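Given only the sequences and the hints, what does the whole structure look like? Please build it.
If you read the protein sequences in the order shown, they are chains U and G. Under the working numbering, the residue at position 82 of the first sequence is numbered 104, and the numbers go up by one with no gaps. Under the working numbering, the residue at position 48 of the second sequence is numbered 334, and the numbers go up by one with no gaps.
Read the hints as simulated data drawn from the structure, not as lab findings. Computed from a prediction, not measured in an experiment: that's the story for all the values here. Cβ atoms here follow ideal geometry from the backbone N, Cα and C, with glycine treated the same way. Check each hint, because a few of them may be wrong.
[As the list claims (entries may be wrong)] Footprint (simulated), chain G over chain U, 3 or more residues, beta carbon under 8 angstroms: (1) 189-195; (2) 307-313; (3) 318-331; (4) 335-347; (5) 395-403.
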Amino acid sequence: MSKRLVSLVVILAIAWGGLALALANDMEPKLGLDLQGGTSVILRAPESTDEDVLKKAVETMRSRIEAIGGVQEPEIQVSGDRNVLIQLPGVTNQEQALSVIGQTGQLSFRRVLAQRGFEDPFADPSDGEDTTTTIDLPGVDPTTGLTINDDPTQPAWLASYLEDGTVSEVLQVDGTSLMGEQVDEALPYFDSTENRWVVQLGLDSTGADAFETMTREAAQFGLYVDPQRRIAIVLDGEIVSAPWVTPNEGISGGTAIISVGSQEEAQDLSVVLRYGSLPISFERLDVKKVSATLGSDSLQGGLIAGVGGLILVAIAVMFYYRVLGLVTVLGITVFGSLVIAAIGTLGRVQGLTLTLSGVTGIIVSIGITADSYIVYFERIKEEIREGRPLLLAVDEGFSRAFRTILTADTVSIMGAFLLYALAIGPVKGFALSLGIATVIDIFVAYYFTRNAVGILARSRFGEGGWFSIRGASGVALEGGTS
Amino acid sequence: MSAFSRMYRAETDIDFVGMRKRWFIISMTLLALSLFGFLIRGLNLNVDFEGGVTVQVSNETNSNVADMREALTNIGLGDARIEFLDSLDGSSSFRVRTQALDQELERELVRTVAETAGVGIEETDVEAVGPTFGEEITRRAIQALVVFLIVAALFISWRFEWKMAGAGLTALFHDLTITFGVYAVVGFEVTPATVVAVLTILGYSLYDTVVVFDKVNENVESWSEKHTYTEVVNKAMNQVLMRSINTSLTSLLPVGSLLFVGSYLLGASTLREFALALFVGIAAGTYSSIFVASPLLAVWKEQEDYWQHHRRRLEGRREAKIAKTTVRTASAPQASRPPSSAGARPRPPKKKRKKR
Numbered sequence: 023m024s025k026r027l028v029s030l031v032v033i034l035a036i037a038w039g040g041l042a043l044a045l046a047n048d049m050e051p052k053l054g055l056d057l058q059g060g061t062s063v064i065l066r067a068p069e070s071t072d073e074d075v076l077k078k079a080v081e082t083m084r085s086r087i088e089a090i091g092g093v094q095e096p097e098i099q100v101s102g103d104r105n106v107l108i109q110l111p112g113v114t115n116q117e118q119a120l121s122v123i124g125q126t127g128q129l130s131f132r133r134v135l136a137q138r139g140f141e142d143p144f145a146d147p148s149d150g151e152d153t154t155t156t157i158d159l160p161g162v163d164p165t166t167g168l169t170i171n172d173d174p175t176q177p178a179w180l181a182s183y184l185e186d187g188t189v190s191e192v193l194q195v196d197g198t199s200l201m202g203e204q205v206d207e208a209l210p211y212f213d214s215t216e217n218r219w220v221v222q223l224g225l226d227s228t229g230a231d232a233f234e235t236m237t238r239e240a241a242q243f244g245l246y247v248d249p250q251r252r253i254a255i256v257l258d259g260e261i262v263s264a265p266w267v268t269p270n271e272g273i274s275g276g277t278a279i280i281s282v283g284s285q286e287e288a289q290d291l292s293v294v295l296r297y298g299s300l301p302i303s304f305e306r307l308d309v310k311k312v313s314a315t316l317g318s319d320s321l322q323g324g325l326i327a328g329v330g331g332l333i334l335v336a337i338a339v340m341f342y343y344r345v346l347g348l349v350t351v352l353g354i355t356v357f358g359s360l361v362i363a364a365i366g367t368l369g370r371v372q373g374l375t376l377t378l379s380g381v382t383g384i385i386v387s388i389g390i391t392a393d394s395y396i397v398y399f400e401r402i403k404e405e406i407r408e409g410r411p412l413l414l415a416v417d418e419g420f421s422r423a424f425r426t427i428l429t430a431d432t433v434s435i436m437g438a439f440l441l442y443a444l445a446i447g448p449v450k451g452f453a454l455s456l457g458i459a460t461v462i463d464i465f466v467a468y469y470f471t472r473n474a475v476g477i478l479a480r481s482r483f484g485e486g487g488w489f490s491i492r493g494a495s496g497v498a499l500e501g502g503t504s
Numbered sequence: 287m288s289a290f291s292r293m294y295r296a297e298t299d300i301d302f303v304g305m306r307k308r309w310f311i312i313s314m315t316l317l318a319l320s321l322f323g324f325l326i327r328g329l330n331l332n333v334d335f336e337g338g339v340t341v342q343v344s345n346e347t348n349s350n351v352a353d354m355r356e357a358l359t360n361i362g363l364g365d366a367r368i369e370f371l372d373s374l375d376g377s378s379s380f381r382v383r384t385q386a387l388d389q390e391l392e393r394e395l396v397r398t399v400a401e402t403a404g405v406g407i408e409e410t411d412v413e414a415v416g417p418t419f420g421e422e423i424t425r426r427a428i429q430a431l432v433v434f435l436i437v438a439a440l441f442i443s444w445r446f447e448w449k450m451a452g453a454g455l456t457a458l459f460h461d462l463t464i465t466f467g468v469y470a471v472v473g474f475e476v477t478p479a480t481v482v483a484v485l486t487i488l489g490y491s492l493y494d495t496v497v498v499f500d501k502v503n504e505n506v507e508s509w510s511e512k513h514t515y516t517e518v519v520n521k522a523m524n525q526v527l528m529r530s531i532n533t534s535l536t537s538l539l540p541v542g543s544l545l546f547v548g549s550y551l552l553g554a555s556t557l558r559e560f561a562l563a564l565f566v567g568i569a570a571g572t573y574s575s576i577f578v579a580s581p582l583l584a585v586w587k588e589q590e591d592y593w594q595h596h597r598r599r600l601e602g603r604r605e606a607k608i609a610k611t612t613v614r615t616a617s618a619p620q621a622s623r624p625p626s627s628a629g630a631r632p633r634p635p636k637k638k639r640k641k642r
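The structure is reproduced here in C-alpha cells:
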C-alpha cells in the first residue's frame, strides 16, 4: 500500500471509528435547553460577594432543586465572579422553578408554646397510659405531626434537625410579626469573659419592640424547665435554633446575645440570621423558558436543514467537480463524524451542551469546509490550464491552496477564539462549535483531501473521461480548448 | 462558447475594476436604503438587549391581536407590544413583549397570554431579562467585535498589507450595514442569535476577502511585470470568480435550506429570522469581496508612486508594441500573456517596498 493510501485509511478509521466509539459510549452531543425545552436562569450576586458565600448559595440551590424531583441533570455553575447559571432541562413550569431558586428563605422569630414529648401535647388526655399520638389538627401532617405549610403569622408545629437530617426536637411555635427583614446585624464573636462563642443580634426599632414583648412573655416561665421560656428562630419552616431567654425581665433595646457551641455554629447562625438560607440575595438577570415543542421544532428544523443542505451541496459539487465532488462528499462525512465525536466527547468531559447557536456554528462551518475543497479544486484546474501535468497540478496545487485555506481559516479561528473569550451567552456556544469545526477543517484538508485527490489522480479517475479530474478541469490532455 | 463554460474555464475577462462606478452605485444605493431603514424604522431589539419580558405561544384558538390586547388590558398591561407571527403552514403564534415586571405580574402575564392563545402554561416560551443584563450582553458583544476587528486588521496587515486590511474592513462594514438594514426594513426581531448571525457574516466577509486578496497577492508576485495593478486585480477576480460563486452557493445552500425549513415546514420563527440574516449577510459578503473590496484596493494601490510609474512604463511599452505589431500585421492578442507562469519570474514589487 502506498503512503497515501495508508494515511487515508488511518484518517477514515479515526473519523468513523471515533464517531462509532463516541456513540457506543453514549457520548452523543448533549442537547442544550433551547433544543430540548427547559428553564434557564441567570442570577447575579451583589458586588464583592465572597467566593465561599457564593459556593454555599449554589449548594443550597442545588439541594432545593433536587427537592423538587424529576429534574434530569440540573446544572448550576458559577460564571465569572458573581453570576450563577442555572439550567433545568425539562422543567417547563417556570413558576415552580423560580420559587425554589434565587429566593432567600423566610426567617422568623417565634415564641415556643410547647414541646412535643415534653408533656406529650398530642397524647389524648382521656387515653390514660397510651402514648400513641392522635393528631387531628388543621394543617398538620398526621404522620409526622408537623405543620405542612408554615405561615409565620400562625402557630405551627415545627422541627429542628440534626446534621444527618433526623429530627432533633419538635416544638409548637406561636405566630409572630418579627421577621428576618427586621434583623440589622448578626455577628459571631468569641466572648472571652465567659469563654464561649456567641452571636450578637441587632434588630431595628420595630423589631426591638416586638422582641421585647415576646421575650418578656417568655420570661414568665421557668428557665431551663418550661419550653415556653424559649424563642425559636425559624427558617422556611425549620427551626434553626431555639435559645432560652435568660434575663427574667425579657430583652429590651433590640440587641441580644445568643450563645452557641462552636465557632462554626456561630458563623452559620449569623449567616442565617442575616440572609436566610441563601446567604445572598440575587438579582435575576435572565430567565428563559423554552417549551419542549419549540425545542424539538428547532432541533428538527436544524437537522432537516442541515441534512437537506448537505445533500444540495453534494449534488452541486458532484455536478461541478465530478469525481472530485465525490471526494468532497466523502470528506464532509469525515468532517461531520469528527465534529460530532468532538462535541460529544467535550459534552462528556467538559459538560459542553449543543445549543441552537452551536448548531448554527456547525451549519456555517459546512460552508467553510466546502470552500476549502473549492479553493483546492479551482487551483488544480488553474494549474492544469497553465499547462502543468496532472500529477504536478494536483500536488503543487495543494500546497498553494493549503496556504490560502490556512490563512482564511486562521481568520475564522481567531474570530471564534476571541468571541469565546470575550462574549457571553449564546455567542459562546456558536464560537466554540465554529472554532472546533474550523480546526477540524484544516486537519481534514491536510490528511484526507490531499491524500484522496493524490490517489485519484494516479488512478483511472485522473486522466479518464468526462467524470475524471482532467474532465473536470475542462482542458483536454492535448492542451486544446475544447 | 457560453458564458457559463467561459466561467467554468476561468476564461472570463470582466473588467471588475473598470466597471467600479457601477458597483459603487449599487452599493451606495443599498447602503443608503439601509441607513434610511435604520432612521425610519429602527431596529426591533428583543428583551435581551433592553430588558423586559417576552412570552411566545402558538395560537391555538385563532385569536387575533385585538383579543390579546383586550386580555392584556384587563391585567393592566395594555401597552404591551403584541406581534402576530404568521407561519406559512397556516399556523400562527403570538409574541407579547412588555417592560420588566415584578414576579407576580410576570406570572399573570404568562397565564393571560397562554389562556388567550388556548395553550397550557407549560407550552409557553418565556424570557425575562433584567435591564442590566441586556446592557451587558450588548456591551460584551460590541467589545468582542471591536477586538476582533483590530486583531483581524493586524493579521491581514501582517499577512498581506495594511491597505488590504483597510479594503477588507470597508467591505465588512458594507455587509454589516446592509444586513442590519434588512433587519430594520423587514422589522424582524434582533436577538442574541442575530448577533451570532452577524458575527458569522463578519467571519465570512473577511474569510472571503482574504481568499480573494491571497490571489491578488500571488498575481502581484508572478504577473505584475507586464501588467498594471488594476489588471492584476482584474485577473485575480476573474480567476476566483468561479470559486466565489461556488463557495457562496455551497454556503447558501445549507442556510437557504434552514430558511426554507424554518418558514415553510415548521413554525420555527427563530430559525427563519436567523437564517435570513445569514442569507443576506453571506450573499453581501461574497458580493462585496469582489465588487467592493477589490476595486477599492485597486484604486487605492494605483495611487502609490511605484504603481503609477509602473503603469506609465507599461503604457509606453504597449504603445511601442502595438506600433510594432501593426507594422508586422501580426495578430497577437495573447502576446501579453506569458506562456506559463513557470517562466522567468519578475521581481516581486512587494518585497522591494518592504525593504524601504
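Fill in: Claimed coverage, the stretch 318-331 of chain U by chain G - three or more beta carbons nearer than 8 angstroms
holds (count 10)
Worksheet item: How does the coverage statement for the stretch 395-403 of chain U fare against chain G, requiring three or more residues with Cβ below 8 angstroms from a Cβ of that chain?
Response: It holds, with 4 qualifying residues against the three required.
Fill in: Per-stretch coverage check for the stretch 189-195 of chain U, three Cβ contacts closer than 8 angstroms to chain G
violated (count 0)
Worksheet item: For the stretch 335-347 of chain U, do three or more residues have a beta carbon lying closer than 8 angstroms to a beta carbon of chain G?
Response: holds (count 4)
Worksheet item: Holds or violated: the stretch 307-313 of chain U covered by chain G, criterion of 3 or more residues with Cβ-Cβ distance under 8 angstroms?
Response: Since 7 is at least three, the answer is holds.
Checked against the numbered hints above, the structure violates only hint 1.
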